[in-house]
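**Student:** Line by line, the protein sequences give chains E and D. Counting in the working numbering, the first sequence runs without a single skipped number right up to 79 at its last residue. Counting in the working numbering, the second sequence runs without a single skipped number right up to 79 at its last residue.
Hints in this document: simulated from the structure, not taken from any laboratory. As the structure is a prediction and not an experimental result, all values here were calculated from the model. Just so you know, nobody snuck in bad clues.
A pair holds if it fits inside one copy or across any two, identical chains being indistinguishable in the list.
List time: in silico EDC-like cross-link candidates among lysine to aspartate or glutamate, alpha-carbon distance up to 16 Å:
| hint | residue 1 | residue 2 |
| --- | --- | --- |
| 1 | Lys11 | Asp71 |
| 2 | Lys41 | Asp71 |
| 3 | Lys41 | Asp16 |
| 4 | Lys11 | Glu61 |
There are 2 protein chains.
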Amino acid sequence: MPQVVVDVVLKPEISDPQGQAVLGALGRLGHTQVTGVRQGKHFVLDVEGAISRDDLERIAETLLANPVIEDVELHLPEA
Amino acid sequence: MPQVVVDVVLKPEISDPQGQAVLGALGRLGHTQVTGVRQGKHFVLDVEGAISRDDLERIAETLLANPVIEDVELHLPEA
Chain E
1 MPQVVVDVVL KPEISDPQGQ AVLGALGRLG HTQVTGVRQG KHFVLDVEGA
51 ISRDDLERIA ETLLANPVIE DVELHLPEA
Chain D
1 MPQVVVDVVL KPEISDPQGQ AVLGALGRLG HTQVTGVRQG KHFVLDVEGA
51 ISRDDLERIA ETLLANPVIE DVELHLPEA
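The whole structure should be built from the sequences, with the hints applied where relevant.
**Tutor:** Spelled out as C-alpha cells, the structure:
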C-alpha cells in the first residue's frame, strides 16, 4: 500500500521549547557538535485508491498542521 | 550548516491512539482513501564540525527515542 509521509515543522520564527530542551540536554551530555534542534511531527499515511496531490496537500495543511505556526513537507511515494 | 533529520516512529506492534484519532477524523471528513495513520516525531538537528554516523545513531537511539517502543530513521545530508 502506498505510504505518504507528512512532516510538520514549526515555522522558523516560532520558538520551540521542546527542541531547546533537547538541545540543552545534548549539550550537557557532551554532544556539543549539535548546535540546533527543532522538533516537529511525522505522519505516515496509508493511502488506498486514487487521491490527488492537491487533496493530500489540503489534508496535510489543514488537518495535520496548524498553518498559523507550522509548515508542512509532503513526501509522496515515487510514481 | 549540515542538517540531520531523525524521524522517530512507534514500533508497528505499539498502538498509536494519536494516529487512530487522526484517522478517525479524516474518515469523518470524507477522506476515506486514507486507511492508516501513524504519528511520530521529527527532529531536525543542526550539526557543526565532525560527528560520526555512529555518534548520531547513538544520540538518536538513546536520547531522542525510547528504544523499547520506538524505531529511529536517520537521514544524513548527502556527502
